Amino acid sequence: MEVRTPREAESPPPPCTRLHLAAAFFLPPRFTPRRVRYDRRYRKLDTYRFISWFLFLPLLVYLLFVVSPFLQAFFYSMTDWSGFSSAYNFTGFENYERLWNDDAFWDAMGNSLVLLVLAPVITLGLGLFFAFMLNAGGRRRRNEAVSGVFGSRLYKVVYFFPQVLSLAIIAVIFARALSPRSGVLNEGLGAVGLDSWQREDWLGGDLALWCVLFVLCWSFVGFYVVLFSAAMSAIPGEIYEASLLDGANRSVTFFRITLPLTWDTVRTGWIYMGIQALDAFALVNVMVPEHGMDVVPSYLFEKAFRDGQAGYATAIGVALFLVTLVFSVLMMFVGRRERIEY
Amino acid sequence: MTSGPYLNRRALIRRSAAAGFLTLPAVGALASCASGGGDNDTVEREEATDSNPFGVNPDAELEVVIFDGGFGDQYALDAEEIYQGSYGPVEHVKTTEIQTRLQPRMVQGDPPDVVNNGGADAMDIAALIRNNQVHDLTELLDAPSLDDPSVSVRDTLLPGTVEMGQFGSEAMYRLNYTFNVYGQWYSRTALERLEVEYPRTWDEMIAVCEKAKQEGIAGWTYPGVYPYYFNFTLYPFIAKIGGPDVLRAIDNLEPNAWRHDAVRSAFEAYYELVARGYVLQGSPGLTHEESQGEWNQYRALFIPNGSWVENETAQNTPEDFDMAVGPPTGLDSSDAMPFETIWASAGEPFFVPADAANVPGGLEFLRIMLGSESARNFTQLVSSLTCVRGAADGLTLPPGLTSAQEILAAAGDNLVIPRMPDWYRQLNNEEIGGAVAAMMAGEMEPDEAITRCQQAADAAARDDSIQKFQHV
Chain A
1 MEVRTPREAE
11 SPPPPCTRLH
21 LAAAFFLPPR
31 FTPRRVRYDR
41 RYRKLDTYRF
51 ISWFLFLPLL
61 VYLLFVVSPF
71 LQAFFYSMTD
81 WSGFSSAYNF
91 TGFENYERLW
101 NDDAFWDAMG
111 NSLVLLVLAP
121 VITLGLGLFF
131 AFMLNAGGRR
141 RRNEAVSGVF
151 GSRLYKVVYF
161 FPQVLSLAII
171 AVIFARALSP
181 RSGVLNEGLG
191 AVGLDSWQRE
201 DWLGGDLALW
211 CVLFVLCWSF
221 VGFYVVLFSA
231 AMSAIPGEIY
241 EASLLDGANR
251 SVTFFRITLP
261 LTWDTVRTGW
271 IYMGIQALDA
281 FALVNVMVPE
291 HGMDVVPSYL
301 FEKAFRDGQA
311 GYATAIGVAL
321 FLVTLVFSVL
331 MMFVGRRERI
341 EY
Chain B
1001 MTSGPYLNRR
1011 ALIRRSAAAG
1021 FLTLPAVGAL
1031 ASCASGGGDN
1041 DTVEREEATD
1051 SNPFGVNPDA
1061 ELEVVIFDGG
1071 FGDQYALDAE
1081 EIYQGSYGPV
1091 EHVKTTEIQT
1101 RLQPRMVQGD
1111 PPDVVNNGGA
1121 DAMDIAALIR
1131 NNQVHDLTEL
1141 LDAPSLDDPS
1151 VSVRDTLLPG
1161 TVEMGQFGSE
1171 AMYRLNYTFN
1181 VYGQWYSRTA
1191 LERLEVEYPR
1201 TWDEMIAVCE
1211 KAKQEGIAGW
1221 TYPGVYPYYF
1231 NFTLYPFIAK
1241 IGGPDVLRAI
1251 DNLEPNAWRH
1261 DAVRSAFEAY
1271 YELVARGYVL
1281 QGSPGLTHEE
1291 SQGEWNQYRA
1301 LFIPNGSWVE
1311 NETAQNTPED
1321 FDMAVGPPTG
1331 LDSSDAMPFE
1341 TIWASAGEPF
1351 FVPADAANVP
1361 GGLEFLRIML
1371 GSESARNFTQ
1381 LVSSLTCVRG
1391 AADGLTLPPG
1401 LTSAQEILAA
1411 AGDNLVIPRM
1421 PDWYRQLNNE
1431 EIGGAVAAMM
1441 AGEMEPDEAI
1451 TRCQQAADAA
1461 ARDDSIQKFQ
1471 HV
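Protein sequences, first through last, are from chains A and B. Heads up: the first sequence runs through residues 1 to 342, numbered per the numbering used here. Heads up: the second sequence runs through residues 1001 to 1472, numbered per the numbering used here.
Please note that the accuracy of each hint is not assured.
As the list claims (entries may be wrong) - If you want the footprint, here are the derived chain A segments under chain B, 3+ residues with CB under 8 Å:
| no. | region |
| --- | --- |
| 1 | 57-64 |
| 2 | 283-291 |
| 3 | 308-315 |
Unchecked claim - Below, a sample of chain B positions facing chain A; criterion: calculated Cβ distance under 8 Å:
| no. | residue |
| --- | --- |
| 4 | Gln1099 |
| 5 | Gln1103 |
| 6 | Met1123 |
| 7 | Asp1124 |
| 8 | Ser1152 |
| 9 | Gln1281 |
| 10 | Gly1285 |
| 11 | Tyr1298 |
| 12 | Ile1407 |
| 13 | Ala1409 |
Said to hold, decoys possible - Okay, the calculated beta carbon distance ranges per label pair:
| no. | chain 1 | residue 1 | chain 2 | residue 2 | range |
| --- | --- | --- | --- | --- | --- |
| 14 | A | Val192 | B | Gly1390 | 42 to 50 Å |
| 15 | A | Val121 | B | Glu1170 | 40 to 48 Å |
| 16 | A | Leu71 | B | Ala1314 | 20 to 28 Å |
| 17 | B | Ala1410 | A | Val192 | 50 to 58 Å |
| 18 | B | Glu1215 | A | Ala168 | 34 to 42 Å |
| 19 | B | Gly1390 | A | Leu207 | 29 to 37 Å |
| 20 | A | Val61 | B | Leu1381 | 43 to 51 Å |
| 21 | B | Glu1210 | A | Trp210 | 46 to 54 Å |
| 22 | B | Arg1200 | A | Leu207 | 56 to 64 Å |
| 23 | A | Phe160 | B | Glu1312 | 19 to 27 Å |
| 24 | A | Trp210 | B | Ala1275 | 44 to 52 Å |
Just so you know, the hints here were simulated from the structure itself, not pulled from any lab data. A quick note: this is a predicted structure, and the numbers were derived from the prediction, not measured. Cβ atoms here follow ideal geometry from the backbone N, Cα and C, with glycine treated the same way.
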C-alpha cells in the first residue's frame, strides 16, 4: 500500500508559491501573504534576506570598484588599446597568441616561478626555525616545560623591524648595500678577507634573481616569526611536558609536536608568502637595473606604461591572475588535514 | 570543529585566494578609464596678424604643465609672464609625474595646452602620435620669430632640433628645447696632472689610460645600472669609423646593420679598455650618481655623458676640477668622419596636444620660449644650452658648458643624431644596453655582444607591436 507522507505531498511546490517566495524577498514581512510566511522555506529566506539587505551597500561598492574593473580587464585584454587614448580595436585572442610566443614574458614568468617556489620554502622554513627557537629552543628553566632562547622577547621585536619598512625603501637600502664600490656587502667581504667573493655587479647579471630572493626572504621572515610564535604559544605546555617525559629531544619535539600543531598556520602563511613572491614588483622595479631581470608584474608595468601597450599588458595580467589562482587552489588542497583540538 | 578559529582560518585562505584575484585591478582600474568621453571646449581662433601669427584669443586661458626636474620651473614662469603681457591668464602646473598626472586627461580628451614631457615618467610620444593626439608644430616653424619678423622660427633653431621632433615623416611633433652635447667628459686638471693631451686616436687613448693606471687612476667609469650612457660616445664613435650611414642603418633596423665592420671596431676598442683593466673597478654596478661621484673624485678620467652632467654634479665637483667635454676619441687615421664629429641634439621635449582647448595659445607660448629673451634666461638659470641659435653668445658660462659650446662650433656640420634612444627606447636601453653592459663587465666578447644586439634589433623589426620609423 502506498502511503504518501505529507512532506512528499508538498513537493514539488506549485510555481506560484516559488514566485511568492521570490517576491517575499523584497517585501517587508508585514505585507507577505500568510501562506508564504508559514512556508517551511520562508525561514531560510528570511535569514538570507536580512544578510543580503545588510550587505547590499558594501557589496555594491565591491562590485563597482573591484569586480567590474576586473571583468573589464578580461575584455581589454582582447583589444589593442594603447592606454593613451580612448580608442581601441577588438583583436580577439591576438594578445594571448603574442604572449605565448613572447620570450621576454617567459623569462619573466620563469623568474616569478622560481621566486614562487623558493621564497616560501626559505622564508617559512626560517620563520619556523626562529619561532621554535624563540618559544621552545632555549635551555629549560625551572617550572617550565619549554622556554625560548635567551633574549627571545627582544628578538621578537627585532625580527619584526623589516615589516615596518615599505618594500620600496627596503629596495633602495639594499640597492645601496649591494653597490659594488661603496656598498656594505663588498666592503664587508673585503674586511673579512673574502676578496674573491666580491662582485663588480650584484644586480645586473645572473646574480640578480638570487639577490631579489634574498631580500624578499629577509623582509618577510620577521612577519612569520611573529605569526608562528603566536601559533606555537597556543600549544599547551602539557603536551611538551609529556613529550619530555617520553624522552623526546628538540628535533623530535619540533617535528612530532610543534610542526603538526601549527600546520594550519603554516599553510595559510604559505599562500600569503607565495603571493608576495609572485609580486616582487617593488623590489625588482626599484632595485634591479632596467636591463636586468624582470618578473611578471614588472614586465606588465613596462608594457602598460612604458611601451603604451595597455591591451597586451592586460593580457599579461590575466595570465598572472591564472597562475595565482592555480597556486591558491593547489595550496588549498595540498596538505589539507583535520584540525587537532587541544 | 566549527568554532571561531576554524572559520577564521578558512576565511583567511579564501581571502588569500581573493588577494590573487586582486592582482588585476591595477590594470582593471586603468581599463575603467579607457572608455572616457571627450569634452571639447575649443577656443575659437582669432584673425592672424604679424604679432599674433596663430590667432590667439586674447581672453582664453592657457594651461602649461612643466616637468619639475633638474631645470626647475622658473624659466617657464618667466616665459608665462611675457605671454600674459599680451594674452590671457596662464595656469601653471609643475609636477615630477607627467604620465601619472596627464595620462588620464589625455584619455579623456581634456589635455593641457602645453606639456613639458620630461623625466623618467614621461609619456610615450610615439604612442600619442600614433593616436593623433599631438599637434603638428610645422606652423610654429613657419611662423615669424619673436625677435625678428623677417626670420622664421625654423631659421632660429640649431641643426638637429627639427629632426628630433620628427617621427618618420616631415611633420614635427615636439619641440626639444635644450641642446645636449654628448661626449667623453673629463677634468682638464686631471689630464694636466698626468701631463697628457686629450686623446684623438684610440692608440693615444690606450696610452693615456696606461699612464693613468700607473698612477692608480682608472681610465674610464660609467653607470653600469644605466649602461646606455655608453651609447652617448659609442654611437658617434661608430659613425666616426664607418660614416653616418652605419648609424642610419642601425636606426632603421636594417638587417645586419650591427655586423658592420665599424661596429666591430668600436666594440673591440671598448673591450680593450676592459681587457687591459682601465675601467674603474665596480663600474658595472654603479648608478649615474655614483659613477659621476667617482669621476668627480679623480678616480677615473673619462665618463660618457651629456651636457646636463655639469649642473647635475655641481654640488660635488671640486673647485679645481675644470670640467670639459671632448668629441669621442676616433679609431685611427682611416676614420670616415673627422675627429670633431659629435652627437649633439635637442632634448627636453615640449608638445602641444591635438585636443588642447587653446592650441594657438600653446603654439604662441612655445614661440615666446624660442625668443632670445626666454632662451638666454633659461641658459642663465640652469646653465644649459637651448636649441635657439646664438642665444648663449656673450653669456658667462661655466667651464663644462663653454667647452660644450666650443666642440659644437668645431663640429660644424659633422653632427650625428642617433634616434635609437627615442624611437626604440626598450631596444636601446635594455637590449643594446644589456649587451654593452655584459661586454664591459667582461662577461662577453665583442662578437657575442654584437650578435646579441643584432638579434634584438631583428626581433624588434619583426615585432608588429612596435611602431617603426625611418630617417627622412
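Outcome of the hint check:
{"no.": "1", "hint": "57-64", "in the structure": "violated (count 0)"}
{"no.": "2", "hint": "283-291", "in the structure": "holds (count 3)"}
{"no.": "3", "hint": "308-315", "in the structure": "holds (count 6)"}
{"no.": "4", "hint": "Gln1099", "in the structure": "7 Å, holds"}
{"no.": "5", "hint": "Gln1103", "in the structure": "7 Å, holds"}
{"no.": "6", "hint": "Met1123", "in the structure": "7 Å, holds"}
{"no.": "7", "hint": "Asp1124", "in the structure": "4 Å, holds"}
{"no.": "8", "hint": "Ser1152", "in the structure": "31 Å, violated"}
{"no.": "9", "hint": "Gln1281", "in the structure": "7 Å, holds"}
{"no.": "10", "hint": "Gly1285", "in the structure": "4 Å, holds"}
{"no.": "11", "hint": "Tyr1298", "in the structure": "14 Å, violated"}
{"no.": "12", "hint": "Ile1407", "in the structure": "29 Å, violated"}
{"no.": "13", "hint": "Ala1409", "in the structure": "35 Å, violated"}
{"no.": "14", "hint": "A:Val192 x B:Gly1390: 42 to 50 Å", "in the structure": "60 Å, violated"}
{"no.": "15", "hint": "A:Val121 x B:Glu1170: 40 to 48 Å", "in the structure": "59 Å, violated"}
{"no.": "16", "hint": "A:Leu71 x B:Ala1314: 20 to 28 Å", "in the structure": "52 Å, violated"}
{"no.": "17", "hint": "B:Ala1410 x A:Val192: 50 to 58 Å", "in the structure": "52 Å, holds"}
{"no.": "18", "hint": "B:Glu1215 x A:Ala168: 34 to 42 Å", "in the structure": "41 Å, holds"}
{"no.": "19", "hint": "B:Gly1390 x A:Leu207: 29 to 37 Å", "in the structure": "51 Å, violated"}
{"no.": "20", "hint": "A:Val61 x B:Leu1381: 43 to 51 Å", "in the structure": "49 Å, holds"}
{"no.": "21", "hint": "B:Glu1210 x A:Trp210: 46 to 54 Å", "in the structure": "37 Å, violated"}
{"no.": "22", "hint": "B:Arg1200 x A:Leu207: 56 to 64 Å", "in the structure": "39 Å, violated"}
{"no.": "23", "hint": "A:Phe160 x B:Glu1312: 19 to 27 Å", "in the structure": "39 Å, violated"}
{"no.": "24", "hint": "A:Trp210 x B:Ala1275: 44 to 52 Å", "in the structure": "28 Å, violated"}
In this structure, the earlier hints numbered 1, 8, 11, 12, 13, 14, 15, 16, 19, 21, 22, 23 and 24 are contradicted, and the remaining ones agree with it.
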